[in-house]
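Going down the list, the protein sequences come from chains A and B.
Using this note's numbering, the first residue of the first sequence is number 1, and each one after it goes up by one.
Using this note's numbering, the first residue of the second sequence is number 1, and each one after it goes up by one.
In case anyone wonders, no lab produced these hints; they're calculated from the structure.
Just so it is clear, CB atoms sit at the ideal spot from N, CA and C, and this is done for glycine as well.
One or more hints might be untrue.
[As the list claims (entries may be wrong)] Facing chain B, according to a computed beta carbon distance under 10 Å, are these residues of chain A, among others: (1) Ala17; (2) Ala42; (3) Glu44; (4) Arg69; (5) Ser70; (6) Arg73; (7) Thr155; (8) Ala247.
[Unchecked claim] Stretch-level coverage of chain A by chain B, calculated; a stretch enters the list once three of its residues show a Cβ under 8 Å from a Cβ in chain B: (9) 47–55; (10) 291–297.
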Amino acid sequence: MTRKPNVCAEIEQDLIAVATGEGPAAMRAQVDGHVRACRPCARELERYRAVEHAIGTWRVSRVDTGLARSRQRIEVGLADLRRRLLVARVFDSPLGPILMARSEEGVTLIEYLDHPGSPLRSRLAEVAGVEIVEDDADVEAFYRGLLEFLEGKRTRLDWPLDLRLARSDFQRAVLRTAAAIPYGAVTSYAGVAGEVGKPSASRAVAQALRWNPLPIVVPCHRIVGADGTLVGYAGNKVDLKQRLLAAEGVRTVAGHGGPQIDRRLMYVSYPAEPLYCLPSCGWLVTLEQPQRLRYFGSQDRAEAAGLVPCTDCRPDLHPISQ
Amino acid sequence: MGQQPFEILVTAHHGEIFRYLTRMTARPSEAEDLVQETFLRAYRSYRSLTPDANVRAWLFTIATNLTRNHFRAERRRRLAHSALSESRTELYGADPASVSQLNETQARLDAVVSNLPLRQRVAFVLRKVHDFDYEVIAANLTCSVESARANVFQALKKIRQSLKEHDLVTEFER
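Let the hints inform the model, and build the full structure from the sequences given.
Dropping the structure here:
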């Protein structure tokens with residue numbers, strides 16, 4: 001014995017649609033006609049309308065227990081994520097594949113890669129506690145700035161720096177000092193050591209710069225050996241160092257230990273002094289820490305760094321012939 | 001890029017995402033986890049969102065995906081169903097003598113909804129509580145618009161069958 005269904009099968013979907021107010025006019029008319037003649041379906045339509053009404057009351061019922069605590073957890077989670085999150089991308093730069101990563105605080109890592117590929121195949125993989133998100137419009141903006149810099153269209157990269165990947169306070173101090181060396185100027189490891197207040201620590205300075213997480217932005221390429229040789233850059237990429245310096249107007253000559261700068265042909269300044277001099281200026285021999293001298297490839301660069309010609313040696317009147 | 005700060009988005013949508021996930025899950029603690037994860041996930045990809053994107057629908061889609069993953073994992077542990085039925089009562093109190101007819105209907109609706117299969121539950125709640133159109137629901141379920149509607153209708157049929165005669169009459173005659 002089959003039980004008579006309480007609604008006509010062919011119209012049930014339409015009953016629901018009409019009861020929920022979703023049916024078009026033609027469907028409503030059809031359902032109206034049907035339920036006038038069919039009592040079970042008329043009852044069913046009323047039932048579905050009643051369901052709709054019950055749902056209307058139910059949907060506004062409060063389920064807000066724990067709402068405030070949930071919000072608090074989001075704040076905590078977001079604060080933590082913001083600290084850990086690095087957005088990274090690998091670009092195909094004129095200097096080869098290059099990885100750039102940034103945090104909310106600023107640019108965090110620039111790394112010359114041997115192979116193009118995922119950011120995970122970089123130093124980022126070694127950093128504990130960070131979360132890496134690939135690709136990001138902001139990283140792209142940094143990269144465009146970097147390209148302009150490499151093309152010489154821009155002489156400053158005034159990016160906020162996130163030095164979290166520095167390994168010690170000493171390294172951070174070295175990086176900050178290096179970041180302050182002006183465009184087109186060169187100094188020595190000993191000079192940086194003097195500036196961070198540890199004049200005898202030039203080896204430690206070299207070591208700290210070896211793991212520079214932000215090459216180019218923290219211009220460790222502007223730091224050379226005591227005899228002017230372009231020692232060590234990003235491992236053994238001395239040619240890159242030479243290229244970066246050339247783009248800034250610093251010429252190099254062949255030396256015994258590889259390319260080197262010729263300080264006899266460069267203008268000279270001293271940190272925190274507003275002057276630039278000829279290398280023969282008598283003032284220079286009176287300095288206590290001559291290793292801190294900075295050398296410029298041209299007057300233009302020295303003046304772009306905000307320096308004025310020394311009134312004793314008058315580099316403006318006696319330019320060095322190159 | 002003219003994008004509003006993420007905090008504004010949290011403030012604007014936290015309440016409804018919380019209510020959505022509370023209706024989707026069994027225990028309040030699960031809902032809390034999923035709400036947090038929804039916003040953390042959203043934060044990770046917020047910047048790559050196109051300016052014309054429907055942020056609200058996008059957030060709900062993240063929440064739905066997380067819910068589905070969550071239940072998939074739960075099912076693997078064969079816990080989902082039993083946990084679901086017991087905890088709803090725990091959440092809403094189960095003393096029948098003390099609740100009015102109206103509350104009883106509401107409680108029954110809670111129970112029916114939480115026992116719907118996940119796809120129907122998602123479709124029903126998105127449609128009937130959060131007023132999304134079928135396109136958004138279809139995107140949440142990765143199905144066609146017709147299938148999204150069918151899921152809502154299936155849910156309505158089940159609700160209609162589960163509500164007792166007096167639930168409906170009482171509601172209707174009010």
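Identify every previously stated hint that the structure contradicts and give their numbers, smallest first. Going through the list in order, the structure violates hints 2, 7, 8 and 10 and respects the others.
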